[in-house]
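Chains A and B supply the protein sequences, listed in that same order.
For the first sequence, the positions run 1 to 442 when our numbering is used.
For the second sequence, the positions run 1 to 442 when our numbering is used.
If you're looking for bench data, these hints aren't it; they were derived computationally from the structure.
Worth double-checking, as some hints may not be accurate.
The list treats identical chains as one, so a pair stands whether inside a single copy or across any two.
Simulated crosslink set (SDA-like; lysine to any residue; CA at most 25 Å straight-line) [stated by the list, open to error]: (1) Lys-196 / Thr-396; (2) Lys-333 / Asn-394; (3) Lys-333 / Thr-438; (4) Lys-333 / Gly-229.
For clarity, every value in this text was computed on a predicted model and none was experimentally measured.
Protein chains: 2
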Amino acid sequence: MMSQAHPSTSPHAESWVFGANNPDLGLPLQHLPYCVFQSIDSNQPHLGVGIGACILDLFVCAETGLFDHIPADIVTACSFPALNPLMDLGPKAWATLRSEIQALLSTSTPLSSDRRLRTEAALVTAREAIFSAPVFIPNYTDFYSSIDHAERVGMLFRPDQPLLPNYQHVPIGYHGRTSSIVLSGTSIQRPKGQSKPVRSEAQPGFAPTTSLDYELELGLYIGQSNPLGTPIPIERASSHLFGISLLNDWSARDIQSWEYQPLGPFLGKNFATSISPWITPISALGPFRSPAAPRLHHLAESLPYLLCRSDQHAGNLNLILEVFLVSLEMKKKSIAPVRLSRVCARDLYWTPAQLIAHHTSNGCNLQVGDLLATGTISGPDHASAGCLLELTSNGTQPITLPTGESRAFLVDGDEVILRGYGEASGHPRIILGECRGTIHSG
Amino acid sequence: MMSQAHPSTSPHAESWVFGANNPDLGLPLQHLPYCVFQSIDSNQPHLGVGIGACILDLFVCAETGLFDHIPADIVTACSFPALNPLMDLGPKAWATLRSEIQALLSTSTPLSSDRRLRTEAALVTAREAIFSAPVFIPNYTDFYSSIDHAERVGMLFRPDQPLLPNYQHVPIGYHGRTSSIVLSGTSIQRPKGQSKPVRSEAQPGFAPTTSLDYELELGLYIGQSNPLGTPIPIERASSHLFGISLLNDWSARDIQSWEYQPLGPFLGKNFATSISPWITPISALGPFRSPAAPRLHHLAESLPYLLCRSDQHAGNLNLILEVFLVSLEMKKKSIAPVRLSRVCARDLYWTPAQLIAHHTSNGCNLQVGDLLATGTISGPDHASAGCLLELTSNGTQPITLPTGESRAFLVDGDEVILRGYGEASGHPRIILGECRGTIHSG
C-alpha cells in the first residue's frame, strides 16, 4: 500500500488566508515559521506562526479551544511567550502541532464554520506586529563551515597556507556570547577597541572600529537537549534540530585581528549578533535539501562520527541567501537597497547534522534553545562572498554603491539586510524572515 | 573625627559559632562565603553562609524574622535558591546583609536571648549539607591573565616567540560554555575527540583524550549588569564584582591543539568546568589585596581604559592557591593527596577590574551571575605552574607520585583538588571553598 500524504501537507495544498499563495511573501501553508510577537490589541507577547500576510496567534488558538484535539502539553507550550517549552516536547509534538495548524489553515480541510470563525479571530495582520525574542538562548556557538569563506579569508592573512591543515577534518567552531544577541531591527553601535600598533614597538590604538563588517549566516536552533557526557550520533543529529533563521554576526575586523591569537575572536564579535524574529521549522525544509558537499580528496574524507548515509544524501540546505545594503544617502534619495552578494547554503562544507554531532562528540551537552550558527556563508566566486572582508579584500578594494559612495567597511547609517529563500520545482517558494540592522556611532 | 568600624566587622571580632575561630577551617566572621545547600531535614535548596563548622540558613533567617530590620527586597532575595536576585540588588544591599549577618553571629554584638535562639535554629552542620549551583550563570568567559602561564605554554609551542605581541596590551579572553559547568565533586568523564594526524597526509585520530589536564583558576562572579553599548569604566569595575571561587577548567590538550586554529579552544575545553559551591564575597577580601603586577617595560604600560589609581594600588588578590592530586592507588593505600603546585594570585598580569573593563570596553553587556575566569594561574617558577601541560612540559617530563606512579597527564581515577587561602598579618585566615573532581573513563 502506498502511503498517502495528508491533503493539507501536500505541496499543492493552499491556504485561505490572505497572501498565503503569494510567492512574493513566501509564507505558504508549507512554510509556517514561528515567531513571538505582540499585536496592537495585546499587552503580552504571544507565540505565533506566519501565514501569508498574517500571523496565527497560538496563544489565542489555545485559549479558544482550537487545539482541543491535540495533547494538553502541546497546548500549554503554545501559551508560553518563547519556543523553548514547545521545543522541549520533541519532534513528534512539533509534527502534531504543525499538522493541526495546517489543517486549520488549509482550503482542503473541511472546517466547521465555527472553527473557521475562531481561526479567523486568531489571525493578526503581520504588519502590525511587534516582535520579541522567539527563543531563550542558553548557549551560542559559531562555526566556520564555509570552506570558500575560510579559504578566501585565509588567502588574505596566510597566502602561503590559506586553508589550515585541520579545516577538512574538524568542523571548526567557537563559543559566542548570548547576552548581546539582538533582534532584527535593533540598531548596532559601532564598538570601540584596541587595534594593532602601526609600528611593532608602538602602543596599540583604542578607538571606534574602522572595519565594521557583517557576516551572512544561518542560525540553527537546537530543539532537543542531550545529557552531559552523552554524544549525539550523526544518525540522530537531525532530530535535535528545531529550525533555522537568518543571522548576522557583526564583526570589527581591526579589533578581531589584533586580539584573536591564541584564543580566538572575543571583543571583535561579542558587541552584537542580530537574529531574525522568524524561525523556519526544519519540517518546512524537506524540498530544499541537498547532498553534503564533496571532499577535496580521498584523505579528507570525514571521520566515521561525522558520516551517515542520509546526511551525505540530503544533509545540506539548498537555500539562496542574499545581503543587501542601503546607506543613509540611498535612503534620502529613495534608492532601493543594493544587493552585495548572493550565495547558496548548499555550498557549506559541513552539514547542520555534522555540526551537532561534532559539538557533542566530546560529551558536551546542548540545551533546548541553543543557537548554533554556520559561520559566514560564502560561495566559490567573489560575488558570493558573505562579508565585506572578502568582498573588499580587507578594505583594499572598496565597492561602489548606486550613489557613487564607496565602501571598504560599514559606515554609520548603513543598514544591512539579510534575505533568504528556497525554491524547488513543484513546491511553493518559501522566504526566510529578514534580518536587519543599522549602524550608529558609539 | 576618626571613623570607627562596627565592632562585629573588626579584624578582631569573633563569632560564637562552633569552629568559627579555628584557623584550619578558615571560616571566621570576616569571611562568610555564600552557597546554596540542602540539609538532611529540608527538601529544598536554600541560600546559606559559611561560618565555622556550620552554615547559616538564610531562608530560615528570613522566615523566622531575623532579617526584619533590613529592606524587604533583601529578605526576599535571601529566600531564593540562587544568588542572582541578591546580586541584582547591588553592593549596598550586599553590605547591608553582610553586616546584619555579622551582627547575628558576633560575640561582640548584644543579642537578645530570643534572637540568639532563632539564630542557633538557623544553623546547620556543614558536613551534612548537599550543595547545588550557587548561581545561575548566563555567560562564561575565560581569560588568560597569568603572564607566567602564557609565557611557559608559549615556550612549548613557539620557542622563538613565547609571548605574542598582543599579550602585554590585551587582556586575552574567549567565551566558554555554561552548560557544562559542574559543581565540585561531580565526576569528570574523559572526553573523546580528534587529534592531530601522526603524519601530515594521514587521517586524524578519534579516541579518548590521552592528555587530560586540569587548570587552576579563580572564578569571578559578576553581581551587577551593564546595558549593551555602555562600557564599565575601570574606576567602577570593582563594584560590579560580587565574589570569587576556585575553578578548574579541565582541558584535553590533544583535542585543543588540533582544533584551536584559527578560532580558539572549543571541544578541548567545553566537556566540563568545575566550580566550588562556595563564593567568597569581595567584601571579605579587603585584607588580601595587592598592587597590580608591574609591566615588563614602559611601552607595555596599559592603555588608559585599563588604568586607575586604586586598581593599580590594590587591584590584585593576594591569595595562595594550591593543586593537590590523589590517585586511585594512593586512595587505596590511604596516602594523603600530594601537592603538585602552589602559586599566589597576586602574580596575575591583569586584575579582576581590568578584565571587567576590557570585557565591556566594546559595549558588551555583562549579566548578573556571569562567570569570568582568570585563566590558569601560574607563578614565575616551575613549582608554581597551574596545570600539567606546564609541570610536565607537555607530558615529556612526567611527575612522580608518592606511590611511584608517574603522571604525564591525568589517568582515570585521579582526583584533583584545588585549595586556596588568604593570610595577612593581624587578620584571621580565610580558606576558599575547595574544588574537586575525579576522572572516569568515557
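Hint check results:
1. Lys-196 / Thr-396: Cα proximity of Lys-196 and Thr-396: one copy only (17 Å, versus 35 Å across).
2. Lys-333 / Asn-394: Cα proximity of Lys-333 and Asn-394: none, with 29 Å in one copy and 62 Å across.
3. Lys-333 / Thr-438: within (17 Å within a copy, 66 Å between copies)
4. Lys-333 / Gly-229: neither (57 Å within a copy, 30 Å between copies)
Violation of the numbered hints given earlier is confined to hints 2, 4; the remaining hints are satisfied by the structure.
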